[in-house]
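Protein chains in written order, with this note's numbering: chain A, 1 to 52; chain B, 1 to 194.
If you're looking for bench data, these hints aren't it; they were derived computationally from the structure.
All values derive from a computational prediction rather than experimental measurement.
With a straight-line cut-off of 35 Å between C-alpha atoms, the simulated DSBU-like cross-links for lysine-lysine are: (1) K27/B to K43/A; (2) K43/A to K91/B; (3) K28/B to K43/A; (4) K87/B to K57/B; (5) K154/B to K87/B; (6) K23/A to K154/B; (7) K45/A to K46/B.
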Amino acid sequence: MSPNFRAAEYGGFLFFRKPGDSKEVTTIDGLKVEAQVENLSTKQKLTATIGL
Amino acid sequence: MVTIAFVSGCSYNIHNVTTPDPATLLKKEAINGVTVAVDPLFPAAKSEAVFNTNLAKDGILAVQVVLSNNSLAERFVSTESVWVAHKDGTKWLPVEAGEAAKSAHTSPVLTGFATGVPMFFVFFSGVLIGPAVAYQTAKMNENITADFRAKEFKDRKLLVGETYCAVRKIDDSSPRTAQSGGRVRGGAAAHPSR
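Kindly produce the complete structure, drawing on both the sequences and the hints.
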């Protein structure tokens, strides 16, 4: 099944602010993104963890 | 020369985002037929290529999220269900697109230079040019915020076999001033079933 490229009108960027006092982001080493995707039928949630 | 530097520094290009195929992104994970791929806008050049500003200097990290659903079930992903964290578990705070856009906002001083109106002239010109520059600044900042919001990830139901990603029309003909973004690609023309 080939991916169906749609949903273009929504965009796909999320923004996050670095915690703590030091302001500038100087590295992304040691960071990860976690994303939960819910199965609408079973309500089961999958969690993907991706290192940056 | 200085004026040219200011002009180029304060204008805002609407950079359109091409379709990233999840398969081409290096940072991804597949679980039960759902692929989650991410692309952090770091270092500065990547951020500037999309949002015309280095968000990292203001402590903000933008992450492009691409989801591909090749499972047999409909899925749902919300903005609250995606987050950035340190490996020790410390989460970064989500920032709304309008707030992140302030990093790219311009000021009346820069707008004055961009529109060929040096600030000393604005200050001494009475009531006509000052408000005009302020209006132009507000207008530019509105458009910058609109661009950030247009590219922001939204809550989304993923149908079976659907890829969720940022797709915008590639249009490099836009002038080097802020304006509303072009029509997105992927509408009726790009999607035969619509």
